[in-house]
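Engineer: Sequence:
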Amino acid sequence: MGSKADRLHMLFFPFMSQGHMLPMVDMAKIFASRGARVTLLTTHVNANIIRHNIDDSFHLYIMAFPSAEFGLPDGCENESLIHSEDQHINFIKATLALRQPFDSVLRNLRPDCVVTDIFLPWTYHVAIARGILTLVFHGTSNFAVSASKAFERCRLLMDQVESFILPDLPHPVEMLKTQVVDLNNLARNQTEIIEKTFNEAKEVLSKSYGILMNSFYELESEYVDHYREMKGRAWNVGPVSLCNKEVINKSTRGGKYPTSVNECLKWLDKRSVGTVVYICFGSGSFYSVEQLREIALGLEASMHSFVWVVQNKGHDWIPKGYEERIKDVGMVIKGWAPQLLILNHDAVGGFVTHCGWNSCLEGISAGLPMVTWPLFADQFYNEKLLVDILKVGIMVGSKVYTTDAKMRPIVEAATLTTAVRRLMGDGIEGEKRRRRAKELSEMAKRAVDKGGSSYEEIGNLMHELIERKKHV
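So the sequence shown is residues 1 to 472, counted in our numbering.
Source of the hints: derived by calculation from the structure; they are not laboratory data. It is possible that some hints are incorrect.
Quick list of simulated restraints, FRET-style, between CB atoms [as the list claims (entries may be wrong)]:
1. Asp269 x Ala405: 30 to 36 Å
2. Gly451 x Gly274: 27 to 33 Å
3. Ser221 x Arg7: 31 to 37 Å
4. Lys438 x Leu176: 28 to 34 Å
5. Glu324 x Arg7: 57 to 63 Å
6. Arg421 x Ser221: 42 to 48 Å
7. Pro172 x Ala301: 42 to 48 Å
Every residue gets a Cβ at the ideal spot worked out from N, C-alpha and C, and that includes glycine.
Put together the whole structure using the sequences plus the hints.
Structural biologist: Spelled out as structure tokens, the structure:
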């Protein structure tokens, strides 16, 4: 492994959001396991979120977050704690105020490279000023980035058509105009600070030393090649969640081990193999009361056992008598749940997902077919990958990109019931999806094992960085 002075020192700095922190923590653990000296930089509240899932293989470096200075509640250091658009703007301003503390960290630690988050693009300029190379973590799929780039070439058609084929991709991909947004216009219509961050992110993707993708070559090989042709240097090192091999790692990823985990596992242990549907829409997705009620009734009518994770607070959405009616077939978890543990339980046979890339990869790694229910961000692109290209997904019929739950068209209970029954059905179509999902799961595991594509990509990158370190 070499002496401490000889080892490659990598500093990881994730954006303060569950969907960014968790894969970057996994990535940090992986590089540490391959011999790198790793430091992960975060704030006090976020350190408490992840410290239950890390060991002494890398160092946790904590800096203060200026919540009060920017009008945020005390302890508001993670995007999941934001409850208004004004708070979100102030949160972004607070992250920008970390520039000087970050520079001090670089001055004190002198890492060989920084692995920064696409949502913290200013870190690139700070690192470059100190002669430190920067790798950017891009937390989406190669397909989604390629599709988004293709959309930029045809966005002028948006007012003329209801749907369109994305140009110059390896497969014909048809999108409704309501499922995509022009990110350039979106940024321009936001505050100046959001637009500036968006433009800096695009600049950093092209100027950084390279890009780290949480994916694996065999999953989307044509789009890995396509993305590399567009952006150049990119390494696919996933699925990074597979580094969590022990039950305790899976159960504490994203939070401390709650007593409700035992209750959930006991409930699942009583179910037959492959009979339970898991429903979760990510830590940043919320629904109207009307939509939650439709989901509740749709799951009940499906006649399949289910575990449903709900982020909305309160109980006013629960239909009268619902919890009593479903007590033998369903479990509703409010707040955080150990997703990796649940997805990999033998009783779980299907996954209803919002198509966030972390969830997509975790479902693929667990070998599960999925019902797709995208809401915003890269999720509609990821849906196309799951359904049309990988052939492991069933669309629930979500057609409108919006972050506003009140503006989102309601998906009726009967529609969800039909999708879940198709997902869990015994017909030829269902068997093909399940078989394909299992094949992808095996590919994912081989990719991260010794000699696999992601394992080799990590080794090649580390060798390149070590050689560079010798000559700096």
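Engineer: Does each hint hold? Answer for all of them.
Structural biologist: Here's how the hints hold up against the structure:
1. A beta carbon spacing of about 34 Å between Asp269 and Ala405 agrees with the range 30 to 36 Å that was offered as a hint.
2. Checked against the given bound of 27 to 33 Å, the beta carbons of Gly451 and Gly274, roughly 30 Å apart, stay inside it.
3. Distance hint check: the CB atoms of Ser221 and Arg7 are about 32 Å apart, consistent with the given range 31 to 37 Å.
4. With their beta carbons about 31 Å apart, Lys438 and Leu176 fall inside the hinted range of 28 to 34 Å.
5. For the pair Glu324 and Arg7, the beta carbons lie near 58 Å from each other, so the given range of 57 to 63 Å is met.
6. The beta-carbon spacing between Arg421 and Ser221, approximately 33 Å, falls outside the hinted interval of 42 to 48 Å.
7. Judged by the Cβ atoms, the range 42 to 48 Å given for Pro172 and Ala301 is violated: they are separated by roughly 35 Å.
In the structure shown, a violation is registered for the earlier hints numbered 6 and 7, in ascending order.
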